[in-house]
Amino acid sequence: MFDCNNRPAELSSFVGPDVRQLVDVDRYRAIYAESSASPEDEDRPAVLFGLEFYYLDDKMLQRLALEARTTMCHLGNSNVWQELGNTQGWWMGVQVGRFLRVLIGSCGEDALYKEEELLEVISVVTNSLPAIGKLAEGFSGISVKRIDSVSYGSFHVALEWRWYALLLTYEVHKRISGKVDFEAAYRDLLEGLVGLASIKYNDRTIQNELTEEMQFYCPCVKNIWIGMLVLATSSGVDFWANLQIALEKILNEVHAKSWKRTKANSLLFQAWLVHGIASLYQYRLLDETTFKETPIITLPPDYTILDRALKEVTLGALPEDNLRTFLLLLKPIYTKWWPIKYDLVITLWEYFSKRLNSPFQLPQEPPINLACVSRSPKGIIDQAAQHSTQQAFDSLSTHTSSFKSYITLMAFMLRHLSTSSQKTKVQILFNRTILRFAPPKLTSLTEQAIYNYTLLTLAMVQATPYQDDYPRLSKQMLHFNLDQLTPNSDVEVAIRRITVLVLANMALTILFTERAFDKTSHLRQVLEGLGRAYRKFGDRLQTVAPIVAEAMGTVYERACARGEFEKGDEQFLAGGDWLERYLKSCPEGEMEGVMTVFSRTLNLLRRRSTTLFRPELHADFVEPLNSFVLPRIKEFFAKDTTIAMPIVAEMAVQFTLCAPDPVALMELVSFFAEHSTAGLELRLQYIKALVGSDRMKEVDERVIVRIWLKLAIQNGGEQLVELSRVVCGLGVFQEICSIAEVDLCEGKDDLMGLFFKALGDKYNEKDSRGQLEMSLKVNALFNQFDAWFPSPTTGLLIRIISMLVVAIKECGQVIYKRGNSACLLHLAFSKFFLPSSVLTNRNVPNDLVLAMGKVWHRIMDVLGQMSYLEDPVIGDYAAKMMPKWAPQFLKFKTNADAVKPFLVFFTSRNEAFVKFALNKYLAYYVELNGAAPKLQAEIGLKLLTFLLEALNNAQDNGKIAMFIGIVAPATLEHALLVHDQSLSKPVANELTSLMLTSTQNGSNLIKMELKSALASFTKKHLRINTSNYFRFMYKLADQRPEFIESLISTIRLELTETERLRGNGEDQHLRRMLSQLQGAVEASFNKVNKRMNTFVTHCSEQQQSI
1 MFDCNNRPAE
11 LSSFVGPDVR
21 QLVDVDRYRA
31 IYAESSASPE
41 DEDRPAVLFG
51 LEFYYLDDKM
61 LQRLALEART
71 TMCHLGNSNV
81 WQELGNTQGW
91 WMGVQVGRFL
101 RVLIGSCGED
111 ALYKEEELLE
121 VISVVTNSLP
131 AIGKLAEGFS
141 GISVKRIDSV
151 SYGSFHVALE
161 WRWYALLLTY
171 EVHKRISGKV
181 DFEAAYRDLL
191 EGLVGLASIK
201 YNDRTIQNEL
211 TEEMQFYCPC
221 VKNIWIGMLV
231 LATSSGVDFW
241 ANLQIALEKI
251 LNEVHAKSWK
261 RTKANSLLFQ
271 AWLVHGIASL
281 YQYRLLDETT
291 FKETPIITLP
301 PDYTILDRAL
311 KEVTLGALPE
321 DNLRTFLLLL
331 KPIYTKWWPI
341 KYDLVITLWE
351 YFSKRLNSPF
361 QLPQEPPINL
371 ACVSRSPKGI
381 IDQAAQHSTQ
391 QAFDSLSTHT
401 SSFKSYITLM
411 AFMLRHLSTS
421 SQKTKVQILF
431 NRTILRFAPP
441 KLTSLTEQAI
451 YNYTLLTLAM
461 VQATPYQDDY
471 PRLSKQMLHF
481 NLDQLTPNSD
491 VEVAIRRITV
501 LVLANMALTI
511 LFTERAFDKT
521 SHLRQVLEGL
531 GRAYRKFGDR
541 LQTVAPIVAE
551 AMGTVYERAC
561 ARGEFEKGDE
571 QFLAGGDWLE
581 RYLKSCPEGE
591 MEGVMTVFSR
601 TLNLLRRRST
611 TLFRPELHAD
621 FVEPLNSFVL
631 PRIKEFFAKD
641 TTIAMPIVAE
651 MAVQFTLCAP
661 DPVALMELVS
671 FFAEHSTAGL
681 ELRLQYIKAL
691 VGSDRMKEVD
701 ERVIVRIWLK
711 LAIQNGGEQL
721 VELSRVVCGL
731 GVFQEICSIA
741 EVDLCEGKDD
751 LMGLFFKALG
761 DKYNEKDSRG
771 QLEMSLKVNA
781 LFNQFDAWFP
791 SPTTGLLIRI
801 ISMLVVAIKE
811 CGQVIYKRGN
821 SACLLHLAFS
831 KFFLPSSVLT
841 NRNVPNDLVL
851 AMGKVWHRIM
861 DVLGQMSYLE
871 DPVIGDYAAK
881 MMPKWAPQFL
891 KFKTNADAVK
901 PFLVFFTSRN
911 EAFVKFALNK
921 YLAYYVELNG
931 AAPKLQAEIG
941 LKLLTFLLEA
951 LNNAQDNGKI
961 AMFIGIVAPA
971 TLEHALLVHD
981 QSLSKPVANE
991 LTSLMLTSTQ
1001 NGSNLIKMEL
1011 KSALASFTKK
1021 HLRINTSNYF
1031 RFMYKLADQR
1041 PEFIESLIST
1051 IRLELTETER
1061 LRGNGEDQHL
1071 RRMLSQLQGA
1081 VEASFNKVNK
1091 RMNTFVTHCS
1101 EQQQSI
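In terms of UniProt numbering, the sequence shown has 825 at position 825, counting the first letter as 1, and numbering is strictly consecutive.
Quick caveat, the hints were computed from the structure, so don't treat them as lab data.
Quick reminder that beta carbons are idealized off the backbone N, C-alpha and C, glycines included.
Heads up, a few of these hints could be off.
[Claimed, not checked] Calculated cross-link-like contacts (lysine-lysine; reagent style DSBU-like; alpha-carbon spacing at most 35 Å):
{"id": "1", "residue 1": "Lys985", "residue 2": "Lys1007"}
{"id": "2", "residue 1": "Lys179", "residue 2": "Lys354"}
{"id": "3", "residue 1": "Lys893", "residue 2": "Lys817"}
{"id": "4", "residue 1": "Lys777", "residue 2": "Lys757"}
{"id": "5", "residue 1": "Lys179", "residue 2": "Lys114"}
[To be verified] Label-pair ranges, simulated between beta-carbon atoms:
{"id": "6", "residue 1": "Ala932", "residue 2": "Leu776", "range": "40 to 50 Å"}
{"id": "7", "residue 1": "Gly379", "residue 2": "Gln484", "range": "17 to 27 Å"}
{"id": "8", "residue 1": "Asp539", "residue 2": "Gln484", "range": "18 to 28 Å"}
{"id": "9", "residue 1": "Ala923", "residue 2": "Val873", "range": "10 to 20 Å"}
{"id": "10", "residue 1": "Val732", "residue 2": "Gln955", "range": "51 to 61 Å"}
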């Protein structure tokens, strides 16, 4: 029975047959007397120590006792065992055990030996028993699996002897009361077992091994412990009192030896030993017939030893690493093996409540293991939950801080009490732990202490469904003053402390919400305290607002998911001081999440309204949101920030739909939908959401149409399908145009063209009165059109100007009212086509120049179709378009780009309007004031030069001829009369030369136009500016001798007419000048011929050389 090497390992909590035999004391006589002591055949004697006997009498008992004592003495010496050999030594030891069993089985009333002899034998045997501890002291290890066979044998036979000796004493004690001291023998063996455990404890190499190392050297030792517990039950011996005596004795003996007896070692050893004893309570006996389980140990457990140890612990007897081990040893005792005793956590609170300022960290542990790390209400709730689950309870280890282990134990106790419906005990736990703190002590807690206290509180709240202590718990947390400095602390410390306090209260608020507890008073007082702290510490408390915001988001998200708010939810917004500060400093990354929460909140408030939304019924929510959040939304909307566009538009819609009345609603609609600086995409999202809402009918139809017009100018029809469908059905829209919904909503890009064409068609269908009313309505829609787009991009400006051109073309009579400076046509010219910056040529935006460069010719085409000759206003606009835009177009990089608008216009079919506009241009730039040029005449002449160059490149002879017919007279006169120092004269000369060059392409029409111009020029200036005239003609002859030669006859006729008018006969001076002109023509011909001959000669020489 005492040979664990030959026994299979235990795989369950059911004990095997050897333990059954060990503890079944009442059957020893039947088992051992029959099988070991009495011979089965009377003719065969029993044999012990080589002695044969048929029965035990006084003499045989003395002889066997002597042999037993001798054997025990010999085997007590390891050298003797070594000499005998393990087999022989083991056999001899077993003989002693058999002898003891014979005595146990034979000491009944029918014994043949005297009582005195038996008592003498017991004395002899017990005095010869070896001390178990002494045998174990020589072991080289702490497990019998690792010791040599001699030590193993001597140790196990000694265990057998001592156990049977105790049973023998017990049997005698039962028969002969007062003759033997059974309790002394019991205590002696108990002391040996405790001593054995102390040796094993002392042999450990690492402190953490305690939680994994069994208290027993081997299963045989464990079985004796089980036997001791069972024997205590049957004998009535006080096991726990004797254990306490044995512990004190062994600890004193150890202290007298080499092992230093410290408080920590003493407490750990006691806890470890009791842990091993308590573990035996889990073993069961299984009835193989009925399969009924019964506990093998029925002795009531006793917490006295542990309670004393706990008392020492509360006084700070254990450092952190020892305390972790201590709690791990106690855990299964108090929660599993013995009846659950919740007093454990109350006692431990005496320790932890005094040390909450500690992080409960070991020096070698990294800082990440510190308790005070989370700054998230949900994070600290999750952290508390992690420490309060059954999984956390099952996985406690020495890596878990003592305080977190305590939290886990507390949560276990609360779960157990709650499951067993022991509400009163749950309240006791709250009252005698976290609610026991006095307010003065709370104010002295540091940041770390508050965090630890919060972690425990949250874990306890989550561990039980009972809410009876919530009011007191709220009151307790409110004892922490947010704006009060702790003694001897600076501002930074105070701010960190406030941050943790807010974190604690917000986490508790979330748990209150999850349990539908009315948190109104709690949250209101917390935020009032935070407001005082803000007024005291200012922006240094920026770390606090995000904590409140996260808690609010969690609570409101839960409300939105459930479809209703809980009591006190509105208090987050009532304490608006924190919210206002948070929204001002909130990072954009967090802002989207916060705005999403607010949007869903407003949406829930609206959904809860059975009929029309009434803000006064939800003033606690709506008023703070309007005060603090709406201004920020307007700011985001107006600035077109990088905040995610959908949520900004969504929030704008929610605030609009929650407006208290139609007036307030229209104000919000006007702000968000018509805001000049708001992003296009943002407004489009806003309008789309608003269109589908239930309050759309409260919006002024004209506003919707105006919004649609603005968006249609900026977007294609595909993006406005939903809005276009709504607009098409509006009465205001149908009054001014008739467009089929299918046409308006088919996604065409040119919505404005379609709209203005329909306007014109509708206008033509009406009588004069109807036309007047329609014109007023249309111009009212476009009221302050120039302010619709304050800072348009080039692309948008092109769209705006193009739209205005289409408007004038399709329905000019609708949008133009003479004398009404607010009509759309006047706005088009005064703000876009001919703004004051263009009229004065000052600070003209480059974007406007680029835009007009693309659509200027279209404006001119439209003006050409209007009554520019009859209407002075239209005529004035038409007259200014060319001269006022010429300086602006010269800003383009290339000449071709600069003249392109004029070229497209000049080559149009409306030649009458082209001549009108070009003559106005010549009058503005080229025609002279006497002999003085106009201001910026060189600019006007440059563009004319670029235009003629472009016409020459295009070889459009008809347009060239028309150009010369219009431009040549004024240009020739400019070149003749302007002073040589004038900046415009070289440009005029260049243009004149270019016109002469144009005659080289062989077009008679061009030549005729230029000859006609020169003939008129000759007739006007030959007689009054004779010298200047001929000098000018000399220059022309040098450039185009053949063309001037063709004019000689015309000049001669004019010369003759001049002589006639003067009446002096032939004027030799005139004739000499004419002759010189002819000579100049011939000289020019000679130059040309000479250059030609030289060129031919050069070519011949090159050909010959080749």
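Evaluation of the provided hints:
1. Lys985 / Lys1007: Roughly 23 Å separates the two Cα atoms, so the pair holds.
2. Lys179 / Lys354: 55 Å, violated
3. Lys893 / Lys817: 39 Å, violated
4. Lys777 / Lys757: 16 Å, holds
5. Lys179 / Lys114: 14 Å, holds
6. Ala932 / Leu776: 40 to 50 Å: Distance hint for Ala932, Leu776 holds at roughly 49 Å.
7. Gly379 / Gln484: 17 to 27 Å: 26 Å, holds
8. Asp539 / Gln484: 18 to 28 Å: The hinted range 18 to 28 Å holds for Asp539 and Gln484, with Cβ atoms some 20 Å apart.
9. Ala923 / Val873: 10 to 20 Å: Since the Cβ atoms of Ala923 and Val873 sit about 19 Å apart, the hinted range of 10 to 20 Å holds.
10. Val732 / Gln955: 51 to 61 Å: Holds, since Val732 and Gln955 (Cβ atoms, about 54 Å apart) stay within the stated range.
Consistency with the previously given hints fails for numbers 2, 3, ordered from lowest to highest.
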